[in-house]
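Order-wise, the sequence lines are chains A and B. Here my numbering is used: the first residue of the first sequence is 1, the next is one more, and so on. Here my numbering is used: the first residue of the second sequence is 1, the next is one more, and so on.
Keep in mind that the hints were calculated from the coordinates and are not lab data. Some hints could be false.
[Stated by the list, open to error] Only pairs whose alpha carbons sit at most 25 Å apart, straight line, appear in this in silico SDA-like list of lysine to any residue:
| no. | chain 1 | residue 1 | chain 2 | residue 2 |
| --- | --- | --- | --- | --- |
| 1 | A | K65 | B | L113 |
| 2 | A | K65 | B | G77 |
| 3 | B | K42 | B | L67 |
[Said to hold, decoys possible] Now the stretches of chain A that chain B is said to cover, found in silico as 3 or more residues with beta-carbon under 8 Å:
| no. | segment |
| --- | --- |
| 4 | 21–33 |
| 5 | 44–50 |
| 6 | 56–62 |
We put the beta carbon where it would ideally sit given N, CA and C, even for glycine.
Spelled out, the chains give:
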Amino acid sequence: MRVNEAGWDRVLRVVLGIVLLVLGWGGIVSGGWGTVFKILGFVPLLTGLVGWCPLYALLKVRTNKA
Amino acid sequence: MNLEQWQEMLRRASRPFIVEFWAPWCGPCRVMAPLLERVAHKFEERIDLVRINADDSPEVVQALGILGIPTLIGFDGTREVFRRMGMQSESTLERLFEALADGKSSAVSSPSLMERLLRLVSGTVILALGWSNGPAVVLMLLGAALIFSAVYDRCPLYNALALRVKSWLQSG
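Next comes chain B alone, as it looks inside the complex:
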C-alpha cells in the first residue's frame, strides 16, 4: 500500500477500523495473527481490520511513525484513537475492538502528545530535583516513573513483560 492508497482508504472509511502493521518474518506477528483474525471475525459487523505488510508499505510506515511491529492502530474516522506496539493477548484485542466499537476508545487510548510532554517535562524536573537533593531516592523514582509513563506504550520490553504477566495472572 502506498501513501495515496492509504489516504484514500482513510477518506472512504465509513466505520471505525483497526490497522495492523506486520511482516512475514516477524514471529510475534505470526503468533498474533490467528488471535487477531478470531477477534476481528467476532466484531466484523462493527469494526474493519486492515492488515498492512510493513515491508511493502514504507511510505505509510514512515507517515504513521511506526517504530516496531506488530503495531495496532485504532481509527475512528480519520482520528487515531489508540496505538499498541508488540504482541497483544486475545483478551486485550477483544478489549480494544470492543472499546472502538462502543465509542469508548478513551478507555484504551494512548496518552496524547500534550500528556506525554507534560509527563516528560515534569518527570525530568523531579528527577533533577531528586538528584540535586542528596540524592533523594523517592523523588528520583517518582521522576523516573513519570518519564516512563510518557513512553510505556511504545516500549517493546514493557509490552512483552505485561503480556507475560497478564497471561500468567489469567492462567493462575
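The shape of chain A in the complex, shown without the other chains:
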C-alpha cells in the first residue's frame, strides 16, 4: 500500500475529518446529519492519517509525486 496523497492533501483530509467528527460527536449537529457526520468523519481522517486513498488507487490518480 503505497502513499498516494501529498502532504497538503493529508492535512486537508485530517482537518476535514476532525471537523466532521467534532460536529457529529460534539453534538453541534444532531439528528440524521449528526449520525452521518459521526461515521463519515472517520473516512477522511483515516485516509489522511494513512496517506492512501482507495478511490485514488481505483481511479489511478495521485496528488503526491510518483
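For this one, chain A is given, so just place chain B on it according to the hints.
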C-alpha cells in the same frame, strides 16, 4: 566527536551509513554490540557503521535530539531515513541495514514530523470527544492509540516489550 567533526563526516559521506549512539555503562548497548558488528560486517560493502560514544559527544547528542541509548539512526546522504531507540534484535538490525542498502528505507522509516503532528492532534481531539460523550470508551481507546502511534518508536518500554515478543515468537 564534536559537532564540526560530525558535520564534516555528513558532508563527506559517499554512501548510506548507520550511526549508533552508545555508552560504556549501557547494558543494552553491550548486548547489542556483537549483533551490530556481525550485521555491519555482513553489509560492509554497502553500508558504513559509525559508533559514537554519547558521553564523549554531547554536542552531537544534543544536535540530533538523542533521547536515550542505544539509538540507531540511518542516513542516506545527509537525510535521516530512520531512527530506532533501544536494543534491537539481530533480525531487526538486518532488516534496517538491508532496507537502507536497497534504498527501500521508507519500509522501515519512522513517522515524519508532519505524520506525528497529524496523529497527535487527531488523537487528542478523538480522546476529548470520547471523554465528553459519556465517556465513550471505544473513541477514547482510538484516540489513545493514535496518540501512541505518534511516539511509539521513541518509547523505551514499547521497544523492550516488542523485542521480547519478537524473540519469543521466533523461538516459539
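How the hints compare with the structure:
no.	hint	verdict
1	A:K65 with B:L113	holds, 19 Å
2	A:K65 with B:G77	holds, 21 Å
3	B:K42 with B:L67	violated, 28 Å
4	21–33	holds (count 4)
5	44–50	holds (count 3)
6	56–62	violated (count 0)
When held up to the earlier numbered hints, the structure conflicts with 3, 6 and fits the remainder.
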